[in-house]
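Using the hints, position chain B against chain A.
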Amino acid sequence: MATTATTSQETKLPKILVFSTDKISDPGIDQAGLRKIHYSPSVYVINLPCSSGVKPRWILHALENGFDGVFIAADGHECSYSAKCPEHTNTIIQTAQELMKEKNINTKRIRMAAVCSVCAEPFASHMENFSKILAGIEE
Amino acid sequence: MKERIGVYICHCGGNISDYVDVEELSKMFHKEENVVIAKDVMFACADSNQKDMVQDIQENKLDAIVVCSCSPKLHLHTFRSVAARAGLNPSNYVQVNIREQCSWPHSDRPREATVKAAGLIRAGINRVSFSESLEDIQLEVKKSVMVLGAGVAGMKAAIDLAKSGNEVFLVEKDFFVGGRIAQKDKLFVTGQSGKQIVASLYDEIKKQSNITIFTGTSIEKVSGSLGNFHIDLKVKPRYINGKADKQAVKRAMEECPVEVPDAFNLGLTKRKAIYKNYPEALPDVPVVEAELLKDQPDFTAKFASTLNLNEQEETISLIVGSVLVTTGYENYQPKEGEFGYKTIDNVVTLPELNRLMELNPQKLVYNGKEIKSIAFIYCVGSRQKKGENKYCSRQCCTSTIYTSLQLKEKYKEMQTYHLYRDIRAYGKQEVLYTQSAKQGDLYFKYEDKEKDFPVVEKVGKNTIVKVKDSLTARKELEIEADLVVLVTGMVAREDSTHISELFKIPIGRDRFFNEIHPKLKPVETVIKGVYIGGTCQGPKNVTESVQSSLAGASKITALLKSGTVAVDPIIARVDTDACTWCGKCADVCDYGALKVVEVDGKKVASVNKAVCTGCGICAPVCPENAIEIAQYTDKGIESMIDGFMLDVQIQEKEVNADEVQDENAVGMKEYPQVWKEILAGMTDEKNTIPQIIENSKLKGELVTYHLMTMNKYGVVVPAGMDQKEEYFYYKKK
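If you read the sequences in order, they're chains A and B. With this note's numbering, the residue at position 66 of the first sequence is 130, and numbering never jumps. With this note's numbering, the residue at position 179 of the second sequence is 183, and numbering never jumps.
Pulled out of the complex, with its shape left as it was, chain B reads as follows:
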């Protein structure tokens, strides 16, 4: 129980004190038992006030502080740091939000806002009375990182991590690196092909001695936690003799008698059972699909020294400090009959068209017919009315427009029609949209209602797309096209569920991995030490993918830098006397943080400190009430509830400026630094704002803003206008 508490109530300029009587409250709480200091301060976060707080804590031997100001999301760390500087454990500080959750929403009822603030502050004092000194949990961490997925996001992040001194294991499920980007031809803005980017990244990776690449590799088992993840990998064999002559390998590829649909070309072509995704694919070693050669004894005998069909899978165990997941996305696969897909012979998806374009450098041919007109239908599989994909895939609009520009550049006489709900060509990509419109591409907007969606029909040998064009009063137009292209978006990978189960990464409703907070913790997951980047988190273009994976890499480097990590001590703890081990807590914990252990012959729950996220889900399910979360104890929460019930009567009182004030109860001991600078920039006579700005060398808007508040608190007074009536004069009071 804390007995020497300091309470600081902030005016926040006037943001709080315009509606809440902070002076009255500070007087009221000054009289509270166990409250040694209660002050109202102009800006609690100001440097000068922070210094005062440090001094107060040290001089008055405070054992806890309550800061009543803005949302803890803004200044929690500021005041934790103040406490730490004063030698007070930061857990013995409570922030009370009397701005966003009191003065502002109740600015229409200032008297009731003051009553509410009193209750909030009382609750804060009650809570801090039961606070405990908690120390961060120190964990030793290995300076090694596993990057899952060697697409552009993973490769770039791996390089960055390696250059920052980490040992990196880059794990790719496919036998070749590059991911989806290798399937792209020219890319906006640079015009480089995806394959060129992959080659340059691979070249850079090979220069880093501290990156190990595993291809054809999947994750089998994960245990451990931040700093020491134990991960088992399963490495599939390539079935190529490592010592085989390169020419012999090449001949084996050429002479291989078995062909199957080529997944890299989305089934548009066939490939051999010994293959590379594309001739320059990396690593520069083909792969044998051994199953397909089972019935080819002559062929395998001929190349017996080249192939190694007895090669076995390998299991490798690694220990890493942190994990960056960049496993990418899958293309949405339209259902049979969706806009004629698979039921009408010349309907393809955008990724299929992109492959076709690369495979047809001279003229675009599909099903033996030269294509001279294309109708694109946007938002297929995105923004679904009936399906589960409610989100916008956001990169497909510009990908289509760029494809349209490439079509015209490559095949000259190509006419394209774009049937869209909305075009989302943000940032620099808007230039592409303008270019496309200028080159004669025709855009037809249809309503975002299912009944207005385009219809694809086969009329004789012709393919017709019917659309109700919004810009011509929803008149139905019929467009004849040689090829209909469905602009499909990104969806989460099928295997994300497997990765999610292994690493316990939460999955969102859109089935992509979930970050902690989209704005404030955009690459962090609730699993300590596990980060996400690129399109496994949601649709992104290449630039955005790389940005997010590099953000993850930077976070990991900062995390592992010192070899130890301080983990937040706000986690679950078990009262082993009360626990009777029923296992309910372990059942609801998605992270496996609770396990049964034996203490003095009794089975009880035990918390893995490194794994526990402090979510508290385990606490309410305990029938013995044996679990609580540090800082969210029954005593703490119930005392807050009691505090809210505080019944106050604050009598009307005129503030007398000349009244001698109790220094500990009311008022600023010192003006904020910026006020001092403004006052130093003023003469004893009248001053216009431009004069003060010039003398103080402060920014104009800063001076203007603070003069208003200084006037309100009687530090300066208005003194009429200048002769031209351009500016008000201000005078020191």
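The following block holds chain A by itself, in its conformation from the complex:
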């Protein structure tokens, strides 16, 4: 196969880092691929055991090193580890936003939504909406 690859910078697509979870949201993201539901190729995924395990410093690291936004594809109430997962994840977002304010990073650059193991379309839709939000941010 012969190709010419371009960088994502050339296509001007906002670069999004997604934190997914092994058992709940990552299978949902996989399913979007399986069903060839298209979303931005500038979306990169790191999967963790639980969305309440995302460290705010990782979010900052991504935003300070070229990512335009960070999306937490949370387990929500489906979490098999903790019934309080949505609260824990929410606290992480709040902490990250505090750190972002200190560094003059727009807090709209972080977003969270529950993504279930069959949420293929919702995930693609979240990515589309988040891309639009990020593209519209003027620092």
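If you're looking for bench data, these hints aren't it; they were derived computationally from the structure. Here a beta-carbon is modelled for each residue, glycine too, at the ideal position from N, C-alpha and C.
Straight-line C-alpha distance at most 30 Å; calculated BS3-like pairs for lysine-lysine: (1) B/737 with B/31; (2) B/559 with A/148; (3) A/167 with B/588; (4) B/225 with B/280; (5) B/389 with A/148; (6) B/465 with B/479; (7) A/148 with B/225; (8) A/148 with B/77; (9) B/532 with A/148; (10) B/77 with A/100; (11) B/31 with A/76; (12) A/172 with B/588; (13) B/412 with B/470; (14) A/148 with B/394; (15) A/148 with B/613; (16) A/100 with B/31; (17) B/211 with B/565; (18) B/274 with B/238; (19) B/701 with B/737.
Computed beta-carbon distance windows for the label pairs: (20) A/199 with B/584: 41 to 51 Å; (21) B/582 with A/166: 19 to 29 Å; (22) A/76 with B/93: 39 to 49 Å; (23) A/154 with B/680: 50 to 60 Å; (24) B/347 with A/154: 39 to 49 Å; (25) A/154 with B/701: 55 to 65 Å; (26) B/613 with A/159: 23 to 33 Å; (27) A/154 with B/582: 19 to 29 Å; (28) B/476 with A/76: 55 to 65 Å; (29) B/194 with A/159: 55 to 65 Å; (30) A/163 with B/137: 29 to 39 Å; (31) A/154 with B/139: 28 to 38 Å.
What follows is chain B alone, placed relative to chain A:
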């Protein structure tokens, strides 16, 4: 830091390489620092490639590998096993998903898919560079199991566990075994009664010398973890003298002067203060409600040698390797006024009707009136619009239809009306629905909107149910019925919260216990060694309950078989230099895995390896950043983020088939086995697909599928069609 890394980039037939330029990527990463081998391979998971990988790892002394192919959910264990076979610690392998999360969702933008794949692979290489060799944590386990709940699911699982060589403690909160099934009369498909099933299971249990049954027993305290759960039981007294004559016990039951509503019959009858749930209830020893006999000195004096009212509660401590929770469900209890329940005198629930039917073998009588017509209202307490029970209880439709068939069989002139939103009679149960319709039961569908729900009214002495029938253009019909039966579903037991707190089993929004994954780990909980089965997990019929509890029993048997268990080493760990013990980590840990300990006079957090689930919830809350999860370290994650930022320029290039390729960089060293078999089935001349199938003895669809890919990669070429124009010819290239 790893310095001898092997990178394998999979074509997956064409699933990846149709959109991602894997050959270009393998060339690119071959030049990377610390990458010794970078290969593109046709099928990374193929046996032949696995053998090559083992050889590569050993010959090149690789210290880490990155496999870039499909989702790790498919082949994580395949490649961990490859690493282990080659003598490489499986933790030094990283899977990069360039199919489900790259080539497929970005099949519309292949060039950008290639750029993304480059970033994903770079991130994988970065991550594996910081990987550590982790060893499974080996725990000694006792070959003993506690089964909580002696309903049909728990009893059957206990037998299975015992037959597999485990010591079993079957613990039941009630004084009699059988649970809800004992309240059922005939059951679909076999026609056996619930009581018959309970009796046969109890008989089987008594034959197993390694099962101990505790009835009237609750769980008081749980500590320990997988392999060594320490559980305290509280055994309530039966207040019957163990040496008492059976006839005397029988007389005491008959002569007991105190009566109370009979919970087993859902309050429809009364029972004595000395009772059995039903005459054949097991164990065959009645129970005395001592509180109720406080004011009966004459009676207790008369039976002083039969009763033992001074008997005390007993606490028993047991150590078990694993726990199977089969605590069952409760029937939904309608609120007062819900479809006339408790406000209109002839409105009952389905479980109440089932008890009434057993208590009325000749003619069905309720409140002194013979019942000849019944209106069933489905989905009461399930699929709620306003309430919390959003789920379908799924077994109630067929339970109602079967009850309707039994009503007609037992009482002949019974007319039933079924007011439903949807009928869910799946599998063999559909036969019942057909039978019911054929016997003249009338079904009325109403819209799944609260304003269209049926209304129960009392008009004079008559009970009328009004329903807007969807099949007659939502015309309101009025049905007069002798009895209105609310088809109530299953709800989680009130005491599940207590069990959840003791064992730390997560509870879902529906308040039933949560498994790890409904499809892939359907009976496992996040608590190592604790499994769930039956209806404590969600609504199920008897068959499904037993299936799930037996699945749990099999998992436990496999777990305890060898006497030791290897536990995943991906758990939390504490940097004791950085930790200042604030307790925040322990506060958010639902499992009690973090405790304070003193190290060299300093208070620090310590992780119980057997208990930690590796969820990572404790890590972000640490103000000193002193906690991390193995394989999810700051270095590892942040290096992945850096890898994603890789900026690549891949120049357009025509692949020259005759070009001498760097063996380590590009191409398959060997075709997959199935290709070899297909080629062996081909002559040097033209071959039709049927000829190849016949010669190779492979399945037709396998040959057809692989020929397409082989054609794409120039291994075979099409060579026109046969004379009848039925088949294409293929020829070896």
